[in-house]
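Chemist: Read top to bottom, the protein sequences are chains A and B. Under my numbering, the first residue of the first sequence carries the number 1, and numbering increases by one thereafter. Under my numbering, the first residue of the second sequence carries the number 1001, and numbering increases by one thereafter.
No lab work stands behind these hints, which were simulated from the structure alone. Please note that the accuracy of each hint is not assured.
[To be verified] With the Cβ distance kept under 10 Å, some of the chain A side facing chain B (calculated, not the full set): (1) GLY46; (2) TYR54; (3) ALA132.
Quick caveat, the model's predicted, so the values are computed rather than measured. Positions of the beta carbon are idealized from the N, C-alpha and C atoms, including for glycine.
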Amino acid sequence: MSENIHDIVVVGAGPAGITASVYGARKRMSLKVVTVDVGGQTVWSGDIENYTGYRFISGLEFVGKFEEHIKQYSIDVREQEPVTLIEKKGALVRTVTEKGEYNSRTVIVASGKKPRELNVPGEKEFRNKGVAYCSTCEGPFFSGKDVAVVGGGNSALEAALQLAGIARKVYVLNITGSITGDEIIREKLEKKTAVSIMNNTEVVGIKGEKFVSALDIKSGEKHETLHVNGVFVEIGLVPNTSFKSPLALNGLGEIKVNSRNETNVPGIFAAGDVTDVPEKQIIIAAGEGAKAALSAYNYIARSEDWD
Amino acid sequence: MKKVIVYGTATCPYCIKAKKFLEESGVEYEEMDVSSDQSAADEAVKKSGQMGVPVVDVEGEIIVGFDRDAIERAVSS
């Protein structure tokens, strides 16, 4: 048996990927973890109050605990290594990343979700130059300036609330007829004079020279230019399934799995927010990761003829 | 030792990670909080040509975001 064939390649290192790795290591499987970052969306979670055993912990501290736990085992975690292809090669699975390729008996895809993009002209060009997906990180750059928040759910309203304390004017651009965030946040927002909510409004383009200076917006048949220096995109999440693979996805682009975390391809398992599992929660993703690792272990044990 | 400046905010997760990484590597750095210091914010934009944080300045070499390998290379080169 070739030395460089792993038992499990884990794609992603959020709650699902890390838990899968810990379970895999404890079953003495040879592992490789390829991921963009460690922690995934958990890094961005402000406060976590619903993970059993922790009454209160910040997202970043929680990820620190993950890192401590995974360091107990000698697992090779490759960061900043996005996956471009996963395919079956005989009995094995081949995983290709931007930096290399790996062959393994099984793969556990736990690549999570990322912010949904607007998909309008100017968005890519002005990323980090006025187009932002994290109000906590980039908000401070807009002190005294005018900004727009795109979206109408809780994350958009929370971003607007945060920006109201920094920016001069905050426009909430919501594509539907009314905002949908929780009542408690809506009430807080209505008290902020700097905030103005524009319903039935769609962003169709982002303009500027070096940095964003205006948005093209559309309300019904009416086209307008809105002068802002920043636009915060808060329109939900999409699964990280843009790599090539034979995996079956649902209408939302999530990987279809059964209760054993098996996908439509034998030897490829999936876990956490990237799958069609109902409810996206840290504790659920972690549990799914554990299940996927045990399923992968059983799959390897069942198929004796690996040589 | 090279002069290292980290532009960031107190709450941005990757700023915290970057600072922790420098501390663990025994690298001294100056911290600039772009959320409370407008001139620091302007300086970070001017140096990096963009508005994301962290911005790590290693004696004029600008690294945007928490890029562990790039920071390591810059401080040790």
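Chemist: Give a verdict on every hint.
Modeler: Structure-based check of all given hints:
no.	hint	verdict
1	GLY46	8 Å, holds
2	TYR54	17 Å, violated
3	ALA132	7 Å, holds
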